[in-house]
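S.K.: Construct the complete structure from the given sequences, taking the supplied hints into account.
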Amino acid sequence: MEKLFEGLETVQDVDTSIKDVVKDAGNPDVTSPEWNDYVLSHFEKSEMYDGRPLCHGLRRVAEFLIGRIVSSRPTQVFAPNNNGQEIGRATVVWEIIFQNGHVFSDVADCWEGNTDDMFCVFNTATAATRAEGRALRKALRLRTVAAEEMTKKDTAAVVRSLSQAKAVV
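One point on numbering: in this note's numbering, the residue at position 14 of the sequence shown is 16, and numbering is uninterrupted.
In case anyone wonders, no lab produced these hints; they're calculated from the structure. Cβ atoms here follow ideal geometry from the backbone N, Cα and C, with glycine treated the same way. One or more hints might be untrue.
What the hints assert, rightly or not - Label pairs and their calculated CB-CB ranges:
| hint | residue 1 | residue 2 | range |
| --- | --- | --- | --- |
| 1 | V109 | N38 | 14 to 24 Å |
| 2 | H104 | S163 | 37 to 47 Å |
| 3 | D156 | Q101 | 37 to 47 Å |
| 4 | E46 | S165 | 38 to 48 Å |
M.R.: Here you go:
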């Protein structure tokens, strides 16, 4: 076995310290007009819905491009409480902290006027997912909304209807 390594020299002065690593040389700067398309190019097909990123995809891409997420949690939850019934508006503030120290947060709400009917029953959870998605979009500097923020409802008509009802009262 010793004959196998005969004639090999041992390297003495090798710098083994950690160096700055660039994940993808040639990627655009976060302030460039190309940044949005660059970020969106990292999503898998299963992480998109109707051309918009889903929250789980935002999470993965954020960790890939920004770094490890060390904390992702709600900081405030305003659950609906109308005489003990879980109806009405839920609002959640979400905070994300990356290993590099960057912190992003945002707020979202969910109620029957801005959410498809099948998700209204889960209004606090839906508000939480929306808020997390908004914070991740902010971290990634995306110029689009997350799929979970969308609804098929005509929210402008809902708001007009509510405004007219209040004016009558």
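S.K.: Next, verify each hint and record whether it holds.
M.R.: The hints, checked one at a time:
1. V109 <-> N38: 14 to 24 Å: Taking Cβ atoms as reference, V109 and N38 lie about 22 Å apart, which means the hint holds.
2. H104 <-> S163: 37 to 47 Å: 41 Å, holds
3. D156 <-> Q101: 37 to 47 Å: With a Cβ separation near 42 Å, D156 and Q101 satisfy 37 to 47 Å, so the hint holds.
4. E46 <-> S165: 38 to 48 Å: About 41 Å separates the Cβ atoms of E46 and S165, which means 38 to 48 Å holds.
Figure legend: structure checked against the earlier numbered hints; every hint is met.
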